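**Student:** Quick mapping for you: the protein sequence lines, in order, are chains A and B.
Per the working numbering, the very first residue in the first sequence carries number 1; after that it's consecutive.
Per the working numbering, the very first residue in the second sequence carries number 1; after that it's consecutive.
Just so you know, these hints were derived from the structure itself, not from any lab.
Note that the structure is a prediction, hence the values are computed from the model and not measured.
Mixed in with the good hints, there may be bad ones.
Unchecked claim - Stretch by stretch, here's where chain B covers chain A in the computed footprint (C-beta under 8 Å, at least three residues):
id	region
1	80-93
2	259-273
3	279-285
Unchecked claim - Derived DSS-like pairs (lysine-lysine); straight-line CA-CA distance at most 27 Å:
id	chain 1	residue 1	chain 2	residue 2
4	A	K282	B	K31
5	B	K144	A	K219
6	A	K282	A	K252
7	B	K99	A	K76
Beta carbons: idealized from backbone N, C-alpha and C, even for Gly.
The lines below spell out each chain.
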Amino acid sequence: MNMKSLSYKRLSFGVVIVFVALVISSCSSEKKKKDAEEQVTIESLEINEKLIQDVKTVKEIFYSLPSPLETAMILKQAGAVYNEELLNPTDNVTNYVTNKKMALNLGVYTTDLSYASLFDQTQATINYMSAAKKMADGLGILGAIDENVIERLEANINNRDVIMDIISETIMSSSSFFEENDRQAMSTIVLVGGWIEGLHIAVSLAGENVDFDNNELIKRIIDQKLTLTTVISLLEDNVGNEDVDDILASIKELKGIFDKIQISSTEIKSVTDNVTNVTTLKSKTKVEMDLSTYTELKEKIKLMRNSFTL
Amino acid sequence: MKKVYQILIVLAMAILIPFYGNAQCKSFAKKVCKLELAPYIHDGNFNAAILTEGEDAELYKTFYAGQNYRIYICGSDALPEIEFQVLDVDRNVLYDNRKENYSRIWDFTLESSQQLIISLRVKNSEDESEELISGCVAIMFGIKEDN
Chain A
1 MNMKSLSYKR
11 LSFGVVIVFV
21 ALVISSCSSE
31 KKKKDAEEQV
41 TIESLEINEK
51 LIQDVKTVKE
61 IFYSLPSPLE
71 TAMILKQAGA
81 VYNEELLNPT
91 DNVTNYVTNK
101 KMALNLGVYT
111 TDLSYASLFD
121 QTQATINYMS
131 AAKKMADGLG
141 ILGAIDENVI
151 ERLEANINNR
161 DVIMDIISET
171 IMSSSSFFEE
181 NDRQAMSTIV
191 LVGGWIEGLH
201 IAVSLAGENV
211 DFDNNELIKR
221 IIDQKLTLTT
231 VISLLEDNVG
241 NEDVDDILAS
251 IKELKGIFDK
261 IQISSTEIKS
271 VTDNVTNVTT
281 LKSKTKVEMD
291 LSTYTELKEK
301 IKLMRNSFTL
Chain B
1 MKKVYQILIV
11 LAMAILIPFY
21 GNAQCKSFAK
31 KVCKLELAPY
41 IHDGNFNAAI
51 LTEGEDAELY
61 KTFYAGQNYR
71 IYICGSDALP
81 EIEFQVLDVD
91 RNVLYDNRKE
101 NYSRIWDFTL
111 ESSQQLIISL
121 RVKNSEDESE
131 ELISGCVAIM
141 FGIKEDN
């Protein structure tokens, strides 16, 4: 075998690898071309079929937490008012130097950003987008929040639909960046940061004397018992990552408190409005929680939020 | 030598496919899928994967009382129909798109917050081609403020 033919085979092999990968992952279903590469393609067919067999047995499981945008919308819908003093000051950005702190506070600031924008707080919206950008830059999330995003935000500051769209795009760019770069642990930490910030805002706004049956904010806080199982599943998917392990330990303590709350629900009935084509899932939920559990819950949330932001 | 080549091909595919597929999925979700959510606002979460015909996926999420939601199952055009169901935690079926001509959109609201399961399956193609079809599938959530 001379050098020329060896190089040719190496080149062909490289081309075939890329070709096979592209064919398998392509969104289209083009037939295999009968060209010079057919021989090697046929050789790899056995493996492809085995791989595809394996893929067919795989079941993708997703756990989805409320995004910072959804959290803010839940708060507003439950009757929250705007109180900037509850938010994490943007001056704190310089305090966050580790990946864990930056990821947690990317979540925190994105929730604060969403909350401010839903209440049409234009200057706060710009400030919190800038704070989120600093966290994203620190984490190396290229292009998630660039100068263009800030400029678009400023140019559309009185157009809430566009602002919501920019925030939504920012969240998706960050989470998909982590996904693409095999940094799911960071993506989970961002979501946990945003989730705890939402809880912090909710318990702070709910006040001291609470009516468990009629206070919508308290109801949404209690509902987080349902989300907690998803939080734990997501974190457990990344066990072994030191930062995740720390947060998981704290979240399990939070679960210990939520476990004292009893939630029971009647069977869910689907009723569809034929005019709007919107379905209502009808069910009644009964909650049992005593005041000491709620106080314990508030204290734990405060501790966790402080450990994230201070 | 043939075995070495085969192992290398498998390894190369394992490395290349996720990057190529994920990047393609992100672009697809952003450019195509988001548009279908209007007038609902995309919540920003990214739940997408490359699925092959016959393959299924599940997503677990809590939905909150009083919120207006749109679920949109977005798949590449090349894929066969996608079946999707919404189940409660006891796996009772609350919605089944097979009864709605494989609609990929479902709008709903809830009287009380619930954890639900979105279960989907890419149907097997009726085309008798020996090649299995793969494509990006994204599960998108839209939310809407009360008017």
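**Student:** Would you mind marking each hint as holding or not holding in the structure?
**Tutor:** Outcome of the hint check:
Proximity of the region 80-93 of chain A to chain B, defined as three or more residues with a beta carbon under 8 Å from a beta carbon of that chain, is not established by the 0 residues found. Counting residues of the region 259-273 of chain A whose CB lies closer than 8 Å to any CB of chain B gives 4, which reaches the minimum of 3, so the coverage claim holds. Judged by the Cβ-Cβ criterion of 8 Å, the region 279-285 of chain A is covered by chain B as claimed, because 7 of its residues qualify and three suffice. Annotation: proposed proximity of A/K282 to B/K31 is violated, straight-line Cα distance about 34 Å (limit 27 Å).
Simply put, B/K144 and A/K219 have alpha-carbon atoms about 20 Å apart, close enough for the 27 Å limit, and the pair holds. A hinted pair counts as satisfied when its Cα atoms are at most 27 Å apart, and A/K282 with A/K252 does not qualify at roughly 31 Å. Between B/K99 and A/K76 the CA atoms are separated by roughly 35 Å; this puts the pair beyond 27 Å, and the hint is violated.
Violated hints, listed in ascending order, are 1, 4, 6 and 7; each of the other numbered hints is respected by the structure.
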